[in-house]
Amino acid sequence: SQQGEEDPQALSIQEGENATMNCSYKTSINNLQWYRQNSGRGLVHLILIRSNEREKHSGRLRVTLDTSKKSSSLLITASRAADTASYFCATGNTGFQKLVFGTGTRLLVSP
Amino acid sequence: EAGVAQSPRYKIIEKRQSVAFWCNPISGHATLYWYQQILGQGPKLLIQFQNNGVVDDSQLPKDRFSAERLKGVDSTLKIQPAKLEDSAVYLCASSLGQGIGNTIYFGEGSWLTVV
Chain A
1 SQQGEEDPQA
11 LSIQEGENAT
21 MNCSYKTSIN
31 NLQWYRQNSG
41 RGLVHLILIR
51 SNEREKHSGR
61 LRVTLDTSKK
71 SSSLLITASR
81 AADTASYFCA
91 TGNTGFQKLV
101 FGTGTRLLVS
111 P
Chain B
1 EAGVAQSPRY
11 KIIEKRQSVA
21 FWCNPISGHA
31 TLYWYQQILG
41 QGPKLLIQFQ
51 NNGVVDDSQL
61 PKDRFSAERL
71 KGVDSTLKIQ
81 PAKLEDSAVY
91 LCASSLGQGI
101 GNTIYFGEGS
111 WLTVV
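Top line first, the protein sequences correspond to chains A and B.
No gaps in the numbering here: position 89 of the first sequence is 89 in our numbering, and each next residue is one more.
No gaps in the numbering here: position 7 of the second sequence is 7 in our numbering, and each next residue is one more.
The set of hints was computed from the structure by calculation and includes no laboratory data.
Hints may contain errors.
[Unchecked claim] Under the rule of at most 20 Å between Cα atoms (straight-line distance), these lysine to any residue pairs were calculated in the SDA-like manner:
| # | chain 1 | residue 1 | chain 2 | residue 2 |
| --- | --- | --- | --- | --- |
| 1 | A | K98 | B | G101 |
| 2 | A | K98 | B | D56 |
| 3 | B | K44 | A | Q9 |
| 4 | A | K70 | A | N30 |
| 5 | A | K98 | B | N52 |
| 6 | B | K11 | A | R41 |
| 7 | B | K78 | B | L46 |
| 8 | A | K98 | B | I26 |
[What the hints assert, rightly or not] Here are the computed distance ranges between Cβ atoms for each label pair:
| # | chain 1 | residue 1 | chain 2 | residue 2 | range |
| --- | --- | --- | --- | --- | --- |
| 9 | A | G40 | B | G28 | 24 to 32 Å |
| 10 | B | V55 | A | G59 | 30 to 38 Å |
| 11 | B | I38 | A | R80 | 26 to 34 Å |
| 12 | A | E53 | B | V55 | 22 to 30 Å |
Quick caveat: nothing in here was measured; it's all calculated off a predicted structure.
We treat Cβ as the ideally placed atom computed from N, Cα and C, and that holds for glycine.
Here chain B stands alone, though its shape is the one from the complex:
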């Protein structure tokens, strides 16, 4: 079974530039998550989708971050304009359902460095 695919794996941009990350979840998984993981910390949930609807985006900095999952499958996360503190790993994950008892499957992450 193919896992969660993410691209690009690495990205270096200057502050105030924009960047977009793409995620393809495991086939059949209705729930998709984007987490931000700053070095040395645990993952922090940015946004959670159930099919193509947003379930939770309470920790998404909406002035600069946006995410969409138009057809309920792939998703993109965009940052515009980027700040130095956005340097982190952006992890996409998916699960079969949205209940907290579901196992979450993570991609390898997209490493962002803002200089």
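The shape of chain A in the complex, shown without the other chains:
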């Protein structure tokens, strides 16, 4: 079963605006990862945040993790048309030793 659930399911913004996607999960985790999937392509790893971290940055990406609320957010600043893709969170738990992917947020960035 899928653990993470992204919100919103779809997001449409203009170039230059910021995009925020949220991920909620159900059980305790060791880390949480975000992946991007362009239409018709495989998934590409974006960033990993460990359960003892609260915030992480990578270029225009900012990820936060709130383990008390079992949620994470992905912020893409100054979005570009090339950011148009689906974004998935994936949670890792040492008990299961496997990543479980969420349902994804489809982001459309219009020029």
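Following the hints, position chain B against chain A.
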């Protein structure tokens, strides 16, 4: 560095026929995964190999799906007989190790349509 290679990219078959997908992981990656991604959903793990041993196949429909990684490198995923609900993208992926802290590298996927 070459990525994860998959073939064929697209396949259309009739229900009850069989199909096989092939995957070549990134060189040196011990862990290999097969995921199923139905349109509009996230990837679901079917099977995970560590070298040529199976680590997790709890969500693999074993009555019709089989997978092998005989020499600990390439892998094949077979579906026989196929059902309409097997229409999906089959993603192969690999990682250096099997821990959940490892980055997983995905191939482009094999798109299956069962008619």
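Cross-check of the supplied hints:
1. A:K98 <-> B:G101: holds, 9 Å
2. A:K98 <-> B:D56: holds, 9 Å
3. B:K44 <-> A:Q9: Since the Cα atoms of K44 of chain B and Q9 of chain A sit roughly 18 Å apart, the hinted pair holds (cutoff 20 Å).
4. A:K70 <-> A:N30: Holds, at roughly 12 Å.
5. A:K98 <-> B:N52: It holds: about 17 Å lies between the C-alpha atoms, which stays within 20 Å.
6. B:K11 <-> A:R41: The given pair, whose Cα atoms are some 16 Å apart, holds under the 20 Å limit.
7. B:K78 <-> B:L46: holds, 12 Å
8. A:K98 <-> B:I26: holds, 19 Å
9. A:G40 <-> B:G28: 24 to 32 Å: Roughly 28 Å apart at Cβ, these two residues keep to the hinted range, so it holds.
10. B:V55 <-> A:G59: 30 to 38 Å: holds, 33 Å
11. B:I38 <-> A:R80: 26 to 34 Å: holds, 29 Å
12. A:E53 <-> B:V55: 22 to 30 Å: 26 Å Cβ-Cβ, so the 22 to 30 Å window holds.
Checked against the numbered hints given earlier, the structure satisfies every one of them.
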